[in-house]
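Visitor: Okay, here's what each chain looks like letter by letter:
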Amino acid sequence: DGGITQSPKYLFRKEGQNVTLSCEQNLNHDAMYWYRQDPGQGLRLIYYSQIVNDFQKGDIAEGYSVSREKKESFPLTVTSAQKNPTAFYLCASTRGLLNTEAFFGQGTRLTVV
Amino acid sequence: DQQVKQNSPSLSVQEGRISILNCDYTNSMFDYFLWYKKYPAEGPTFLISISSIKDKNEDGRFTVFLNKSAKHLSLHIVPSQPGDSAVYFCAAELSGNTPLVFGKGTRLSVIA
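Protein chains in written order, with the numbering used here: chain A, 2 to 114; chain B, 8 to 119.
It is worth saying that the hints were derived from the structure and are not from the lab. By construction, the Cβ of each residue, glycine as well, lies at the ideal position given by its N, Cα and C atoms. It is possible that part of the hints are untrue.
Residues on chain A that point at chain B, a partial pick, calculated with CB under 8 Å [what the hints assert, rightly or not]:
no., residue
1, Tyr34
2, Gly41
3, Gln42
4, Gly43
5, Leu44
6, Tyr49
7, Gly59
8, Leu91
9, Ala103
10, Phe105
11, Gln107
12, Gly108
13, Arg110
Distance ranges between label pairs, derived from CB positions [as the list claims (entries may be wrong)]:
no., chain 1, residue 1, chain 2, residue 2, range
14, A, Ser74, B, Ala119, 37 to 47 Å
15, B, Pro86, A, Gly64, 42 to 52 Å
16, B, Gln21, A, Lys71, 40 to 50 Å
17, B, Gln88, A, Gln42, 21 to 31 Å
18, A, Ser68, B, Arg68, 38 to 48 Å
Sequences are here, hints too, so could you generate the full structure?
Guide: Written out as structure tokens, the structure reads:
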């Protein structure tokens with residue numbers, strides 16, 4: 002079955018540490034995205050990538066970094082520069098950027114302790 | 008500045024009745040609209056969509072209506088079921104290689 006997988010489901014990080022969230026898809030989708038969800042904020046775009054080795058900043062990219070070395074994988078690193086990293090992170094993919102439904106992973110809950 | 012607005016954070020409906028979730032947008036260039044459903048601690052799942060060239064799209068119990076002049080769309084669920092209890096996100100898309108823009112979501116509670 003094709004799908005999009007995020008891991009881990011829950012992640013705890015100490016202040017000052019970088020942490021990487023994994024996102025893998027076997028849907029052969031070109032475009033991948035990272036969103037952050039906070040209570041009352043909806044889904045806000047962090048980074049997106051339309052093609053391998055290329056990515057663009059979304060609305061709230063500060064304190065985050067990504068890579069797209071393979072079509073299937075789009076890991077997100079939450080760096081120590083992110084001032085308020087505790088949130089629910091969602092990865093998504095689409096065939097392209099135009100008029101297509103997005104498939105989402107199950108999410109990663111990151112908590113800074 | 009939010010381009011997609013869901014002004015009702017929550018909605019409660021009796022089982023069997025109609026649920027109406029509303030969404031307003033400010034950018035008249037949006038040409039495709041989608042609704043997603045999200046259960047707690049899970050990723051959103053696609054529910055239904057509508058192109059700007061249409062004013063209605065129906066899929067089973069779910070119907071989306073688009074009023075372009077008012078920049079307003081709504082999702083109707085009828086009859087509502089307890090399993091419909093979730094957060095519903097409205098999303099909009101500009102043609103030309105831009106990601107989806109999401110509203111803040113509306114939490115629907117269907118009471119048995």
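Visitor: Closer than 8 Å between Cβ atoms is the bar; does Gln42 (chain A) clear it against chain B? Give me holds or violated.
Guide: With a minimum Cβ separation of about 6 Å from chain B (threshold 8 Å), the hint on Gln42 (chain A) holds.
Visitor: Restraint: Ala103 (chain A) near chain B, CB-CB cut 8 Å. Satisfied or not?
Guide: Since the shortest Cβ distance to chain B is 6 Å, the answer is holds.
Visitor: Holds or violated: Leu44 (chain A) as interface residue toward chain B, Cβ cutoff 8 Å?
Guide: 4 Å, holds
Visitor: Take a look at whether the Cβ-Cβ distance between Gln21 (chain B) and Lys71 (chain A) falls inside 40 to 50 Å.
Guide: 49 Å Cβ-Cβ, so the 40 to 50 Å window holds.
Visitor: Let's test the interface hint: is any C-beta of chain B closer than 8 Å to that of Tyr49 (chain A)?
Guide: At about 5 Å, which falls below the 8 Å cut-off, the nearest Cβ of chain B leaves the hint on Tyr49 (chain A) intact, so it holds.
Visitor: Does the Cβ pair Ser74 (chain A), Ala119 (chain B) satisfy 37 to 47 Å?
Guide: Holds, since Ser74 (chain A) and Ala119 (chain B) (Cβ atoms, about 43 Å apart) stay within the stated range.
Visitor: For Gln88 (chain B) and Gln42 (chain A), compare the CB-CB distance with the range 21 to 31 Å and indicate the outcome.
Guide: 28 Å, holds
Visitor: Just to be careful: measuring from the Cβ of Gln107 (chain A) to every Cβ in chain B, is the smallest value less than 8 Å?
Guide: The hint holds - Gln107 (chain A) has a Cβ within 8 Å of chain B, the shortest such distance being about 5 Å.
Visitor: Take the C-beta atom of Pro86 (chain B) and the C-beta atom of Gly64 (chain A), compute their distance, and say whether it sits inside 42 to 52 Å.
Guide: 45 Å, holds
Visitor: Gly108 (chain A) was flagged as interface toward chain B. Is the shortest Cβ-Cβ separation under 8 Å?
Guide: 5 Å, holds
Visitor: Does Arg110 (chain A) pass the interface check with chain B, least Cβ-Cβ distance below 8 Å?
Guide: Arg110 (chain A) check passes; min Cβ-Cβ to chain B is 7 Å, inside 8 Å.
Visitor: Would the stated hint for Tyr34 (chain A) survive a check requiring a Cβ distance to chain B of less than 8 Å?
Guide: 6 Å, holds
Checked against the numbered hints above, the structure violates none of them.
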